[in-house]
Amino acid sequence: MTLSRLDDYFPKNNELVKTKLGEGSGEQLLEEPRKEEASEDQALRNLPPSYFVSATYDGDVNLACIKLYNPDSKQIYRWYDNTGHKPYCLTNLTPEEIKKIPRVADHPGFEDVEVVEKYDALQDRTIKVTKIIARDPLSIGGRPRGCIRDIIPEDYPKIFGSEKDPKVWEAAIKYYQCYIYDRKLLPGMPYRVRDGDLIPVIDKEAEENIKRILETSFKDEPKDLLPYLESWIRLLEYPAADMKRVALDIEVYSPIATRVPDAEEAPYQVICASLVDSEGKKRVLLLRREDKRGESEEVDSPSDVDVIFFDDEKALISEIFRALDKYPFVITFNGDDFDLKYLYHRAQKIGFRRKEIPIDPGRRVYLLRNSIHIDLYKFFYNRSIQVYAFAQKYRNVTLDEVASAILGKSKIEISKPISELSYSELAKYCLNDAEITLELTSYDDDLVMKLLLVLTRISKMPMEDVSRQGVSRWIRSFMQYEHRRKNMLIPNQEDIISVKGKTTTKAIIKGKKYKGAIVVHPVPGVHFNVAVMDFQSLYPSIIKVHNLGYQSVRCPHEECKGNIVPGTNHWICIKQRALESALIGSLRDLRVYWYKPRSKDKSLPEAKRNWYNVIQRALKVILNASYGVFGAETFDLYCPPVAEATAAIGREVITKTIRKAEELGIQVLYGDTDSIFLKNPSSEQIKTLSEWAEKTLGMELDVDKLYRYAVLSSRKKNYLGVFEDGSVDVKGLTGKKRHIPRFIKRYFDELEKRLAKVESPAEFEEAKEDIKKIVQECYYKLKRREWEDINDLAFEVVLGKSPETYTKTTPQHVKAARLLEKRGVEIKAGDLIRFVKVIKDPYVKPVELASDDEIDADKYIAYLQSTFDQILDALGLDFEKIIGLTRLEQFM
DNA sequence: GCGGACTGCTTACCT
DNA sequence: ACAGGTAAGCAGTCCGCG
Numbered sequence: 001m002t003l004s005r006l007d008d009y010f011p012k013n014n015e016l017v018k019t020k021l022g023e024g025s026g027e028q029l030l031e032e033p034r035k036e037e038a039s040e041d042q043a044l045r046n047l048p049p050s051y052f053v054s055a056t057y058d059g060d061v062n063l064a065c066i067k068l069y070n071p072d073s074k075q076i077y078r079w080y081d082n083t084g085h086k087p088y089c090l091t092n093l094t095p096e097e098i099k100k101i102p103r104v105a106d107h108p109g110f111e112d113v114e115v116v117e118k119y120d121a122l123q124d125r126t127i128k129v130t131k132i133i134a135r136d137p138l139s140i141g142g143r144p145r146g147c148i149r150d151i152i153p154e155d156y157p158k159i160f161g162s163e164k165d166p167k168v169w170e171a172a173i174k175y176y177q178c179y180i181y182d183r184k185l186l187p188g189m190p191y192r193v194r195d196g197d198l199i200p201v202i203d204k205e206a207e208e209n210i211k212r213i214l215e216t217s218f219k220d221e222p223k224d225l226l227p228y229l230e231s232w233i234r235l236l237e238y239p240a241a242d243m244k245r246v247a248l249d250i251e252v253y254s255p256i257a258t259r260v261p262d263a264e265e266a267p268y269q270v271i272c273a274s275l276v277d278s279e280g281k282k283r284v285l286l287l288r289r290e291d292k293r294g295e296s297e298e299v300d301s302p303s304d305v306d307v308i309f310f311d312d313e314k315a316l317i318s319e320i321f322r323a324l325d326k327y328p329f330v331i332t333f334n335g336d337d338f339d340l341k342y343l344y345h346r347a348q349k350i351g352f353r354r355k356e357i358p359i360d361p362g363r364r365v366y367l368l369r370n371s372i373h374i375d376l377y378k379f380f381y382n383r384s385i386q387v388y389a390f391a392q393k394y395r396n397v398t399l400d401e402v403a404s405a406i407l408g409k410s411k412i413e414i415s416k417p418i419s420e421l422s423y424s425e426l427a428k429y430c431l432n433d434a435e436i437t438l439e440l441t442s443y444d445d446d447l448v449m450k451l452l453l454v455l456t457r458i459s460k461m462p463m464e465d466v467s468r469q470g471v472s473r474w475i476r477s478f479m480q481y482e483h484r485r486k487n488m489l490i491p492n493q494e495d496i497i498s499v500k501g502k503t504t505t506k507a508i509i510k511g512k513k514y515k516g517a518i519v520v521h522p523v524p525g526v527h528f529n530v531a532v533m534d535f536q537s538l539y540p541s542i543i544k545v546h547n548l549g550y551q552s553v554r555c556p557h558e559e560c561k562g563n564i565v566p567g568t569n570h571w572i573c574i575k576q577r578a579l580e581s582a583l584i585g586s587l588r589d590l591r592v593y594w595y596k597p598r599s600k601d602k603s604l605p606e607a608k609r610n611w612y613n614v615i616q617r618a619l620k621v622i623l624n625a626s627y628g629v630f631g632a633e634t635f636d637l638y639c640p641p642v643a644e645a646t647a648a649i650g651r652e653v654i655t656k657t658i659r660k661a662e663e664l665g666i667q668v669l670y671g672d673t674d675s676i677f678l679k680n681p682s683s684e685q686i687k688t689l690s691e692w693a694e695k696t697l698g699m700e701l702d703v704d705k706l707y708r709y710a711v712l713s714s715r716k717k718n719y720l721g722v723f724e725d726g727s728v729d730v731k732g733l734t735g736k737k738r739h740i741p742r743f744i745k746r747y748f749d750e751l752e753k754r755l756a757k758v759e760s761p762a763e764f765e766e767a768k769e770d771i772k773k774i775v776q777e778c779y780y781k782l783k784r785r786e787w788e789d790i791n792d793l794a795f796e797v798v799l800g801k802s803p804e805t806y807t808k809t810t811p812q813h814v815k816a817a818r819l820l821e822k823r824g825v826e827i828k829a830g831d832l833i834r835f836v837k838v839i840k841d842p843y844v845k846p847v848e849l850a851s852d853d854e855i856d857a858d859k860y861i862a863y864l865q866s867t868f869d870q871i872l873d874a875l876g877l878d879f880e881k882i883i884g885l886t887r888l889e890q891f892m
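Residues 1 to 892 (the numbering used here) are what the first sequence spells out, left to right.
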């Protein structure tokens, strides 16, 4: 495709004319011109500035392929490698040895060997390794049998004996990632194509801005971090694209009401599809069906919706495919596992040729040939996204729950099976799904799309992968990128373990690998004027300040062995900064010194502030995981001593800080990992402590929260704080946990509200009386069995795994789940089980099967007591006594 | 055969 | 497929008990 033909790709060609109800069909649409094949795409000679959004390997032409999104034409263009880059892996065998292994030398994919130098960070020296170049990536690795990376360790001993331990490096990196790394490409950033070459676009304004930021806000940084800071800032300050997109949702026929047809078999017709785009265009495609013959085709829909009937399923699917080709970004909710999967297999089944289907099937993903498919289910499923980007607003990852939590909108409830809906009901239902799917990407000024773009840039991964993979893959990717950039050998996991060993400290929790953070025993009671101070990103700070990384922990130098991490026998390198320390440290400083403050800076224009907020949140997600990955076996640069050293230094930091605070005469009420609760400190004391931390620990200790007063129970990770403005901060208390019955939770909320009103110690006495009344009332209601709705008594517990896999014990929610199964309800891992406690064996029942008179009220009273005790003991109140009064009152 | 002390399993939470 | 630490409830087991 060339620039001169850009115009041909604008929608006007493919635009559908709204078909009048009851007439015409989609048939003739099949005859319309299709987008041309990949071979013509290769002619891409020139392209104005466009965003690098994805990279793949195209097996048909054996080349790396970059997908570029042009924000003016709003189209995706494919650019193919023209540099002759080839797939490869590295080995410690010599070229001569390689040539003597017939299965490698005669491998159809084998191309060449050459000797290259790499820096081996584990040994701190440059080594010579052999680069095995292949004709295609699958010959290196990826096929189940006969890959070069597997043959080498298999055949070497047979031919050469055990003279050396045969090693293969960098053979498990996806080829397109390898291409990105080697060519130092920056996904998410603007590029142009000129005379067939891919060239980065320099944005003068952004470049000047970068310089300014570095000069003004980072002048005190360690010098060796400056280049890292500069590259991160560039990635984050360059402008973002507006991404035109369409949300797709399909409905399929099913003869069995409760069963969704298997997407691989795709046995039944696609009966409806909705396409809702970011420019306000909405279409519903409906299949005219035999089983609906004679029914009204009147679809009552808003005027901005085009409803189109098709007589033929093939024509309907063709129209969907046309849209999939036309839009640069396609959004689904669970498209990998259903919508696109079904369409792909259904299309094959009803006679489409492979070339006519714009979908690239994978094992677990279904990508699009000419666009970017974002499956929001995968994105919202991501734990880090769930917890840090969306503050745990949603629990179950269903379209309905995510949309209601984030947008306040839900799916349309339908009372009959999909196949029995009228055309109008079906259209509405399907359209609504597509609308909320799109809105999940557009709310809050396109937050999700921007997050994806920012994460794409940081991680150096294609946008499709970023949206599907977890935070540890993002971190791995930018670390691998940095290895290649510095010509460092990327070590195998076992290389790191064999040099660095495992951990030496003993975890408190059985089964854990090493000791973690310190939690200080709280001083129970009510404390007025509490300041909570914490270290900003403690673990990333430690990684930065103490130079932690796989190469620096237990480094090979004698002169470093005295630099011991307290509480461990690990030492840290004093000669050279580890890559991870530089990467994580610079990201940390960027968030703390630049993006977080700017995201709150009211003097900035809103759009700018908003963008900074997106960045700040993306950085938070990555930083929060940056220590944990070193202790995760699933991480390629897994290095337990690094994780262990980080935690050990953390303990040292918090312990010293507590000691210092006490020296300054401040009472420390509580502390957890990186925070300390100080009783009524003067601003002088706070300032002194903060300056001390900066000076002696090299870390920022700031006031995070100020409580008018805090109620500490005797339990760790359990407290309540009331801010100056009267808002309440509840942590860990049972009364706030999501699984407890609403009935109890309501009374707990009452208590919370009452506590919020207390302004001074003097006001506490009155509050205590009111709190007694609240507890009494709840007790009364239970004792007298005066609940309104049995649903309010339900415990709601998530099933961690499928019911039959509980073999060691049978927890109550599993008992309830099994009762449901007996009734024919399908139960799977992740389902929320709602049950009540009843008098008769097995003492629990799913709430939908239980009646009021079998409820065991005393069990609820016991639960009420333990829930309220957490607060009552801190207030000097006693549940039994409160209830005792009630009992007396009952007689009076 | 029963009941209390104990351990282990499970979930939800904190940092 | 980021980590460890804490709380709580219940299931299951052990052990004493003439």
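Hint data in this document are derived by calculation from the structure and do not stem from the laboratory. Treat the hints with care, as some may be off.
Unchecked claim - Heads up, simulated SDA-like pairs for lysine to any residue below, C-alpha to C-alpha not over 25 Å straight-line:
#: 1; residue 1: 282; residue 2: 495
#: 2; residue 1: 695; residue 2: 852
#: 3; residue 1: 515; residue 2: 485
#: 4; residue 1: 174; residue 2: 151
#: 5; residue 1: 717; residue 2: 738
Unchecked claim - Have a look at the derived ranges for each label pair, beta carbon to beta carbon:
#: 6; residue 1: 840; residue 2: 255; range: 38 to 48 Å
#: 7; residue 1: 442; residue 2: 788; range: 31 to 41 Å
#: 8; residue 1: 192; residue 2: 566; range: 50 to 60 Å
#: 9; residue 1: 239; residue 2: 295; range: 45 to 55 Å
#: 10; residue 1: 493; residue 2: 704; range: 32 to 42 Å
#: 11; residue 1: 633; residue 2: 602; range: 44 to 54 Å
#: 12; residue 1: 724; residue 2: 223; range: 22 to 32 Å
#: 13; residue 1: 609; residue 2: 753; range: 58 to 68 Å
#: 14; residue 1: 364; residue 2: 43; range: 51 to 61 Å
#: 15; residue 1: 840; residue 2: 442; range: 23 to 33 Å
#: 16; residue 1: 239; residue 2: 383; range: 23 to 33 Å
All C-beta atoms, glycine included, are put in the ideal place defined by N, C-alpha and C.
Hints and how they fare:
Distance check on the hinted pair: residue 282 and residue 495 sit about 55 Å apart at the alpha-carbon level, beyond 25 Å; violated. Restraint check for residue 695 and residue 852: not satisfied, since their Cα atoms lie roughly 64 Å apart, outside the 25 Å limit. Between residue 515 and residue 485, the direct Cα distance comes to roughly 35 Å. Violation of the 25 Å bound is thereby established for this hinted pair. At most 25 Å may separate the alpha-carbon atoms for a hinted pair to count; residue 174 and residue 151 meet this at roughly 19 Å.
Under the criterion of a C-alpha separation no larger than 25 Å, the hint pairing residue 717 with residue 738 is consistent with the structure, at around 16 Å. Look at residue 840 against residue 255: about 40 Å separates their beta carbons, and that is inside 38 to 48 Å. For the hinted restraint 31 to 41 Å between residue 442 and residue 788, the CB-CB distance of approximately 39 Å keeps it satisfied. With their beta carbons about 53 Å apart, residue 192 and residue 566 fall inside the hinted range of 50 to 60 Å.
At roughly 51 Å, the beta-carbon separation of residue 239 and residue 295 lies within the given 45 to 55 Å, and the hint holds. At roughly 37 Å, the beta carbons of residue 493 and residue 704 sit within the given window of 32 to 42 Å. In this structure the supplied range 44 to 54 Å holds for residue 633 paired with residue 602, their Cβ-Cβ distance being about 45 Å. For residue 724 and residue 223, the Cβ-Cβ distance of about 42 Å falls outside the hinted range of 22 to 32 Å, so the restraint is violated.
In this structure, residue 609 and residue 753 break the distance hint of 58 to 68 Å, their C-beta atoms being roughly 33 Å apart. As the Cβ distance of residue 364 to residue 43 is approximately 33 Å, the hint placing it in 51 to 61 Å is violated. Hint check: residue 840 to residue 442, Cβ distance near 52 Å, so the stated range 23 to 33 Å is violated. About 30 Å separates the C-beta atoms of residue 239 and residue 383, a value consistent with the hinted range of 23 to 33 Å.
In summary, the structure is inconsistent with hints 1, 2, 3, 12, 13, 14, 15 from the numbered list given earlier, while agreeing with the others.
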